[in-house]
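Next come the chains, spelled out residue by residue.
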Amino acid sequence: MAFEGLTSKLQETFRKLKGKGKLSEKDVKDAMREVKLALLEADVNYKVVKDFINSVSARAVGQEVMESLTPGQHVIKIVNEELIALLGKSESKLIVSKVPPTIIMFVGLQGAGKTTMAGKLALHLKKHNKRPLLVACDIYRPAAIKQLQVLGAQIDVPVFSLGDKTNPVDIARAGIENGKRNGNDYVIIDTAGRLHIDEELMNELKNIKEAVNPNEILLVVDAMTGQDAVNVAEHFNGNLDITGVILTKLDGDTRGGAAISVNAVTGKPIKFVGTGEKLSDLEIFYPDRMASRILGMGDILSLIEKAQESIDEKKALDLQRKIMQQEYTLDDFLEQMQQMKKMGPLKDLLKMIPGFDASKLGDLDIDEKEMAHTEAIIKSMTKQERQNPSIINASRKKRIARGSGTSIQEVNKLLSGFEQARKMMKQFAGMQKGMKKGKFKFPFFK
Amino acid sequence: MGWFDKLKEGLTKTRNNITEKVEQLLSLTKTIDDELYEELEEILIMADVGVNTTNKIIDLLRKRIKEKKVSDAGQVKEHLKDILSEIMGGNAQNVLPESTPAVYMIVGVNGVGKTTSIGKMANYLKGKGYRIMLAAGDTFRAAAIDQLEVWGNRAGVDVIKHKEGADPAAVIYDAIQSAKARHVDVLICDTAGRLHNKKNLMEELRKINRVVEREYPEAYKQTFLVLDATTGQNALIQAKQFIGVASVNGIILTKLDGTAKGGVVVAINDELSIPVKMIGVGEGMEDLQEFDPKAFVDALF
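Sequence lines, in order, name chains A and B.
The UniProt record's numbering puts the first residue of the first sequence at 1, with every later residue one more than the last.
The UniProt record's numbering puts the first residue of the second sequence at 1, with every later residue one more than the last.
The hints are simulated quantities; they were obtained by calculation from the structure and are not laboratory data.
Cβ coordinates follow ideal geometry from the N, Cα and C atoms, glycine included.
Treat the hints loosely; a few may be bogus.
What the hints assert, rightly or not - Only some residues are given here: those of chain A computed to face chain B with a beta carbon under 10 Å:
{"no.": "1", "residue": "E41"}
{"no.": "2", "residue": "D43"}
{"no.": "3", "residue": "Y46"}
{"no.": "4", "residue": "A112"}
{"no.": "5", "residue": "T116"}
{"no.": "6", "residue": "I145"}
{"no.": "7", "residue": "Q147"}
{"no.": "8", "residue": "Q154"}
{"no.": "9", "residue": "L195"}
{"no.": "10", "residue": "Q227"}
{"no.": "11", "residue": "A229"}
{"no.": "12", "residue": "N231"}
{"no.": "13", "residue": "K249"}
{"no.": "14", "residue": "T254"}
{"no.": "15", "residue": "R255"}
Said to hold, decoys possible - 35 Å max Cα-Cα, derived DSBU-like pairs, lysine-lysine:
{"no.": "16", "chain 1": "A", "residue 1": "K126", "chain 2": "A", "residue 2": "K165"}
{"no.": "17", "chain 1": "B", "residue 1": "K199", "chain 2": "A", "residue 2": "K36"}
{"no.": "18", "chain 1": "A", "residue 1": "K206", "chain 2": "A", "residue 2": "K47"}
{"no.": "19", "chain 1": "B", "residue 1": "K63", "chain 2": "A", "residue 2": "K50"}
{"no.": "20", "chain 1": "A", "residue 1": "K50", "chain 2": "B", "residue 2": "K294"}
All chains should be modelled from the sequences, with the hints used to inform the complete structure.
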């Protein structure tokens, strides 16, 4: 997802810290200089970074760090806590109206991804058995209404529009009436994007707010936004008193420092993040997890949650045990692969594993075809072969290749790949033990 | 109103633009010390110039101040301006074709203003006397084709399109045939906004380029990358990625009329030597301006 760039930067910094015994004052200062650069390169606002560095340094200089037995760990702890504080402490859910419909208003700059995000949120709600209605209030951008209608049709969610000749305030009002009549429990209002310093737009948004009294006013922010994120957030929050933030386009190699900036200046929680071009690419934002991810502890919790959506817990626990005891077989591999298909790209999952430097992964795009081949190969093996791949000799390989319609080379590739995976798991298992010793909770399964 | 005025106007809208801050700072600070440099550094970083380029600039500035034995803090600004101009380098830029027929590919990530810039560019080139045609190569985003058509109508130029979801390479192929038949001078091709790390979409772009290469070898080809001025350091990554797929000839920098300072431009010139060709400074049809590095720096100070 995001933050890898930042993660690897910070990991680098802390590697340097870890190697030493006690931290001198100079060490802390040097480390903070690097944290500062890393954060700045990640587009966190300069002033936010400054505050962050000051507050962390202040705590460190309060001798906690220097007197601690494991200074490196202690710095990580402090930096982590401060980052969580910046990111908004806990996961934040949508505010729900006591009397339906819950009204959600989207605001933001042009090109931030409001319309697409409106579609994504509608789909998200629909998946949770809600009945959302989309209301098209962007009458300015050419074809914005059409775009919302197309999205609505794709996810089978109704779109309310009065064309581009009616006042957006009236459209919003009529849209909500329409939603009430049709029993929609959520009404999502898509508004026009323009510059934040555009008074006219702000007034229009204020008027819509006044007319429909939304439960949520969500500011949609492009995760790639630079230093200007602070201005944008300040303007929208100052004028509209937003209730939350949605971060979009977090699937690039975006470092996403804007998340920290926006949160710091508005104090409003980030509620969702958009992570891809597909309408299902929407995730809930967890500040604590994001912080640990920034620190290189990964987002193992997200991984678990994502996994639980598609794997039942017993299977997962079973797998966990197998990994720990290194009983991992090709059968497990096959099963995992099938579950993986339900979960999304492997790369996304790997990135959530602590200490995993995604930039070193290189090209790990696994295409569907290759997965299908792998599946065919494993299915062409006997039960015994799957349990114990070491018995697969040349003649068995030949049979497997023929049976699966692949080549011996491909069978070889799979076997060596599997062996590597197994080794990797061994390492993870080892790492986990080490971390426990260091009193670092490894949040695999609580 | 000339582009310079328009730019200046756009920049004065900026509440805390670089100039103001430098002036402020220099009127307060009297001696040249580390604090002064640190604050100049802050100003550049706040303008999205980026850590690397900022450090480079500040180092150069320190050296120069020392060499020239400058003692007046007020002079520092002039030297900083010089350095910025040098990095931005070169002459005024535009997107006029060196020869016709020409094919322009417009690329960039989602939401930077590609389609809008194409509309403005069509208007700009038409105003210079060229026959223009647009190709609706973004078949991915919902209603992107309609959006381009609206712009085509506004500018009074033809738009070649297929249905949503169609193969973009096929759209470009058709557009090339039409452009030949109608003796069009510049064919401007819209493409789907792609996040630069999405492999398939980048592949699609390669395919389109192959079609252009094969079907229209005689054309003068240019690829312009559209960047959003509010984007931070990720703009550099975007530029690097697109360079890997197509030879990017220039940058169209959009949304420079907000509070974003456009400092990315400095970093891009410094690190990648891709010139900025045009800048978007508003929402109107005429709000796409030729880019002059020197005037740009001048307007900042």
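To see whether the hints hold, each was checked on the structure:
Hint status for E41 of chain A relative to chain B: holds, with the closest Cβ pair at about 5 Å, below 10 Å. Evaluation of the D43 of chain A hint against chain B yields a held restraint, the C-beta minimum of about 3 Å falling below 10 Å. Below 10 Å, beta-carbon pairs count as interface contacts, and Y46 of chain A has one with chain B at about 5 Å; its hint therefore holds. Taken as an interface hint, A112 of chain A checks out: its beta carbon lies about 6 Å from the nearest beta carbon of chain B, inside 10 Å.
Interface restraint check for T116 of chain A: the shortest CB-CB distance to chain B comes to about 8 Å, inside 10 Å, so the restraint holds. Satisfaction of the interface hint for I145 of chain A is found here, the shortest Cβ-Cβ separation to chain B being roughly 8 Å, below the 10 Å cut-off. Restraint check, Q147 of chain A versus chain B: the minimum CB separation of about 4 Å is within 10 Å; hint holds. Taken as an interface hint, Q154 of chain A checks out: its beta carbon lies about 8 Å from the nearest beta carbon of chain B, inside 10 Å.
The beta carbon of L195 of chain A comes within 4 Å of a beta carbon in chain B, closer than 10 Å, and the hint placing it at the interface holds. The interface hint given for Q227 of chain A is met, as the beta carbon of that residue sits about 5 Å from the closest beta carbon of chain B, less than 10 Å. Satisfaction of the interface hint for A229 of chain A is found here, the shortest Cβ-Cβ separation to chain B being roughly 8 Å, below the 10 Å cut-off. Given hint, N231 of chain A at the interface with chain B, holds; its Cβ is 4 Å from that chain's nearest Cβ, closer than 10 Å.
Given the 10 Å rule on beta carbons, the hint for K249 of chain A holds: about 7 Å separates it from the nearest Cβ of chain B. Of the supplied interface hints, the one on T254 of chain A holds, with its beta-carbon coming within about 6 Å of a beta-carbon of chain B, less than 10 Å. Interface hint status for R255 of chain A: upheld, as the beta-carbon distance to the closest one in chain B is roughly 7 Å, under 10 Å. Taking the CA atoms of K126 of chain A and K165 of chain A, the gap is about 30 Å. The hint holds against a cut of 35 Å.
The straight-line distance between the Cα atoms of K199 of chain B and K36 of chain A is roughly 32 Å, inside the 35 Å bound, and the hint therefore holds. Among the hinted pairs, K206 of chain A with K47 of chain A is consistent with the structure: their alpha-carbon atoms are about 29 Å apart, no more than 35 Å. Annotation: proposed proximity of K63 of chain B to K50 of chain A holds, straight-line Cα distance about 26 Å (limit 35 Å). Only pairs whose Cα atoms come within 35 Å are accepted, and K50 of chain A paired with K294 of chain B is accepted, the gap being roughly 32 Å.
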